Amino acid sequence: MQCTDAHMLFTDFADNTLSREELHALTGHLLDCQACAKEWRDFQQILGLMHNLEPQTPPADLLPGIHAKLAQRGIFQRAWALVESLNFSLSIPAAAAIFTLAMLAGFLLKTSHLEQPGVLSSRPARMSATSHGELLTPRRLPIAPNSMFAVSHDGGSLSERLASLAPTTRRPAADHAPRLLSPDIHVLIEKIDHESQVVLCREIVRHNWQLHRITANLFLVHLPQAELDNFHELLDRHHYALAPAAAAEARFGYGKTVLTAAIRFE
Amino acid sequence: MPYQEAAQLVRAFRQGNQQAFNRLVALYQRKIYNLALGYVKQEDEAKDLAQDIFVTVFRQMDKLQDESKFGAWLYQLAMNHCRNRYQKLRRRGFFTNQSLDDTETGLNLSSGATPEKEYERQNTSRLVREAIATLAPAEKEVILLRDLQELSYEEISEILGLPMGTVKSKLNRARLALKNRLKHFL
Numbered sequence: 002m003q004c005t006d007a008h009m010l011f012t013d014f015a016d017n018t019l020s021r022e023e024l025h026a027l028t029g030h031l032l033d034c035q036a037c038a039k040e041w042r043d044f045q046q047i048l049g050l051m052h053n054l055e056p057q058t059p060p061a062d063l064l065p066g067i068h069a070k071l072a073q074r075g076i077f078q079r080a081w082a083l084v085e086s087l088n089f090s091l092s093i094p095a096a097a098a099i100f101t102l103a104m105l106a107g108f109l110l111k112t113s114h115l116e117q118p119g120v121l122s123s124r125p126a127r128m129s130a131t132s133h134g135e136l137l138t139p140r141r142l143p144i145a146p147n148s149m150f151a152v153s154h155d156g157g158s159l160s161e162r163l164a165s166l167a168p169t170t171r172r173p174a175a176d177h178a179p180r181l182l183s184p185d186i187h188v189l190i191e192k193i194d195h196e197s198q199v200v201l202c203r204e205i206v207r208h209n210w211q212l213h214r215i216t217a218n219l220f221l222v223h224l225p226q227a228e229l230d231n232f233h234e235l236l237d238r239h240h241y242a243l244a245p246a247a248a249a250e251a252r253f254g255y256g257k258t259v260l261t262a263a264i265r266f267e
Numbered sequence: 123m124p125y126q127e128a129a130q131l132v133r134a135f136r137q138g139n140q141q142a143f144n145r146l147v148a149l150y151q152r153k154i155y156n157l158a159l160g161y162v163k164q165e166d167e168a169k170d171l172a173q174d175i176f177v178t179v180f181r182q183m184d185k186l187q188d189e190s191k192f193g194a195w196l197y198q199l200a201m202n203h204c205r206n207r208y209q210k211l212r213r214r215g216f217f218t219n220q221s222l223d224d225t226e227t228g229l230n231l232s233s234g235a236t237p238e239k240e241y242e243r244q245n246t247s248r249l250v251r252e253a254i255a256t257l258a259p260a261e262k263e264v265i266l267l268r269d270l271q272e273l274s275y276e277e278i279s280e281i282l283g284l285p286m287g288t289v290k291s292k293l294n295r296a297r298l299a300l301k302n303r304l305k306h307f308l
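Residue numbers (my numbering), protein chains in the order written: chain W, 2 to 267; chain R, 123 to 308.
No wet-lab data here; the hints were simulated from the structure.
As the structure is a prediction and not an experimental result, all values here were calculated from the model.
You may find that some hints are simply not true.
[Said to hold, decoys possible] Pair ranges (Cβ atoms, derived):
| # | chain 1 | residue 1 | chain 2 | residue 2 | range |
| --- | --- | --- | --- | --- | --- |
| 1 | R | Ser291 | W | Phe108 | 51 to 59 Å |
| 2 | R | Gln209 | W | Asn53 | 29 to 37 Å |
| 3 | R | Asn144 | W | Thr5 | 47 to 55 Å |
| 4 | W | Leu109 | R | Glu272 | 53 to 61 Å |
Yeah, the Cβ is synthetic: ideal placement off N, Cα and C, and Gly gets one too.
Could you build the full structure based on these sequences and the hints that come with them?
Here it is, written out as structure tokens:
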């Protein structure tokens, strides 16, 4: 028996479904061929690893989410049925003309000054979300490496070094628009190895907080304000500083739904 | 899998019992969620995918011919959804943007395990899942259905529409490919 023929029989061997002749030939080959014997042991080990994988528990909101989607699609279906019931009779050229006009209007609106802030906002929903503290990641400005104007959580020497950066990066209070795009909390974690960074990130994900990697050492976390306590608890495992100092309190950002924290590892 | 219970629930649902649908979801959600997770790796995406699968089940239940075949029908629907979503996400670069570090859940300590041992165990699981995820789609499917979902060859053959011999040979090739991917770990 050739080695490749032997490998093709591994699954049947594992399932114990080989014919007597095949079994005899394979076991004989495995006794003679060290390499195939090792392949077979590895094969069995892989099977063991796969069969020991524990299934993940589905999230608790799976079923409510299904009902929400069904309800949403039901609305669309009813709306579509209504449109169909109106029984438009439109010729193809007329439909094409309407489509062209709609596209043109959309283009003009997009490129016109009406889009500029302060004149007419075409995205009320986005602005509303922002005003409630739900910051929009794609529009977020990148955070400069020197933007960690932190004061110490515990008043140690680290705080003085961090505080010295404050005047260069602090934004004026009146500068409202950029402030909306800034994280609510800045965290600097020092003396942390890669492994601990990974563990921390996993903990963040496990809490179902959104985690965005900006650079290798800079991450953004969106978390519900109500879970700020848990966030502090995670950070307490590390040597860290955060700003503003009030962010060390569980009630920080009270009134906002979601807080955004920028975490820098050093 | 309790096929008879599923068939009864399908019947009840077709007669207008909405609660029967909830029971069907409860019966299969673990399997379907894990199948989706095997495809897309990311938990939120897997949840969304599993929800879409059940929404389709709800809407297309009248197309199911034989109530006793609900399981196979559900898996066929699920596989189609998974394939489509996988293609869509791949085109968007979803998988290339993920690193090994940011897709996994945290360290969940089960009772009695030391953190080190638990970390090692979860790390092993992570590696195996990652290796499965890197298999070619056809190989991944057969591994997910046989080794993770623990379906019989007959069931897999019905779901994939392939002869049983083909299923077995595909499975053997997939397992050998997985072994090669994990050989440095063994």
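Evaluated hints:
Between Ser291/R and Phe108/W the CB atoms are about 55 Å apart, so this pair conforms to the stated range of 51 to 59 Å. One distance hint, 29 to 37 Å for the beta-carbon pair Gln209/R and Asn53/W, holds here, with the actual separation near 30 Å. For Asn144/R and Thr5/W, the hinted distance range of 47 to 55 Å is satisfied, since their beta carbons lie about 51 Å from each other. For Leu109/W and Glu272/R, the Cβ-Cβ distance of about 59 Å falls inside the hinted range of 53 to 61 Å, so the restraint holds.
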